[in-house]
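Chemist: Work out the full structure, taking the sequences as your base and the hints as a guide.
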Amino acid sequence: QKEVEQDPGPLSVPEGAIVSLNCTYSNSAFQYFMWYRQYSRKGPELLMYTYSSGNKEDGRFTAQVDKSSKYISLFIRDSQPSDSATYLCAMSARRGSTLGRLYFGRGTQLTVWP
Amino acid sequence: DSGVTQTPKHLITATGQRVTLRCSPRSGDLSVYWYQQSLDQGLQFLIQYYNGEERAKGNILERFSAQQFPDLHSELNLSSLELGDSALYFCASSVEGGGAVNEQFFGPGTRLTVL
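Taken in sequence, the protein lines are chains A and B. Residue numbers for the first sequence follow this note's numbering, so the first one is 20 and each next one is one higher. Residue numbers for the second sequence follow this note's numbering, so the first one is 61 and each next one is one higher.
By construction, these hints were calculated from the structure, which means they are not laboratory data. A virtual CB, placed ideally from N, CA and C, is assigned to each residue, including glycine. Please note that the accuracy of each hint is not assured.
Claimed, not checked - Computed list of lysine to aspartate or glutamate pairs in EDC-like fashion (alpha-carbon distance at most 16 Å, straight line):
1. A:Lys86 / A:Glu22
2. B:Lys69 / B:Glu135
3. A:Lys61 / B:Asp61
4. A:Lys21 / B:Asp100
5. A:Lys86 / A:Glu24
6. A:Lys89 / A:Glu34
Claimed, not checked - Beta-carbon label-pair distances, calculated as ranges:
7. B:Ala74 / A:Lys61: 25 to 33 Å
8. A:Ala36 / B:Gly112: 42 to 50 Å
9. A:Ala48 / B:Ser125: 24 to 32 Å
Modeler: This is the structure we're talking about:
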């Protein structure tokens, strides 16, 4: 079993839709959770990160972490064609214990059509 | 632009050959990470260097090696190449050497094709 599981999609939605992207994980030591966005032919870029359980909002993006279920989500409201990309979740354990290593999901490919 | 540079952008070579991928981290970043991204495996962590020293190892094959030089640039050497090594290779850098919350900035990647 991989440390981080993510449905690769693809996911196709109309402009303006609410998008829900999810990952599950098996390592209960993970406490830092990140979402990266990767456009075609580009390197991943950090979109959001959260620590431990709870929600974090940044504009149209909301990240949720449920550590009891080992489940994290990224919601995109009022999705735009420019949001079309691959979204990768990533996570790591406590400061110092993993020496900075991130564990990535496989990524979900999202297309938002006008 | 993340500030991380990688060369070359594309590399086409034959099985059995050896190649070197180069990465220059963002100014001030001491850590360099190498990742391999393929369609079937996703983004796989290979190895991390911090200020010239190997810090963490992931799924790196014995045919692969890396180093970080005093000027902090890093090279990933891939030898005895196989068809299955065809992938995108990303370098990332961060300020911190360890710790969980260190934003990693990714370069544009090197696309390796082994024929």
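Chemist: Evaluate each hint against the coordinates.
Modeler: Okay, the hints, checked on the actual structure:
For the hint pairing Lys86 (chain A) with Glu22 (chain A), the CA-to-CA distance comes to about 14 Å; that is within 16 Å, so the pair holds. Between the alpha carbons of Lys69 (chain B) and Glu135 (chain B) the distance comes to roughly 14 Å, so the proposed pair stays at or under 16 Å and holds. Proposed proximity of Lys61 (chain A) and Asp61 (chain B) is supported: the alpha carbons are some 10 Å apart, at most 16 Å. Between Lys21 (chain A) and Asp100 (chain B) the alpha-carbon distance is near 13 Å, which keeps this suggested pair within the 16 Å criterion.
For the hint pairing Lys86 (chain A) with Glu24 (chain A), the CA-to-CA distance comes to about 15 Å; that is within 16 Å, so the pair holds. For the suggested pair Lys89 (chain A) and Glu34 (chain A), the alpha carbons sit about 30 Å apart, so the restraint of at most 16 Å is broken. Ala74 (chain B) and Lys61 (chain A) have their C-beta atoms about 28 Å apart, which keeps the hinted 25 to 33 Å range intact. For the pair Ala36 (chain A) and Gly112 (chain B), the supplied restraint of 42 to 50 Å holds, since their beta-carbon distance comes to about 48 Å.
The given range of 24 to 32 Å is respected by Ala48 (chain A) and Ser125 (chain B), whose C-beta atoms sit roughly 29 Å from each other.
Going through the hint list in order, the structure does not satisfy hint 6, though it satisfies all others.
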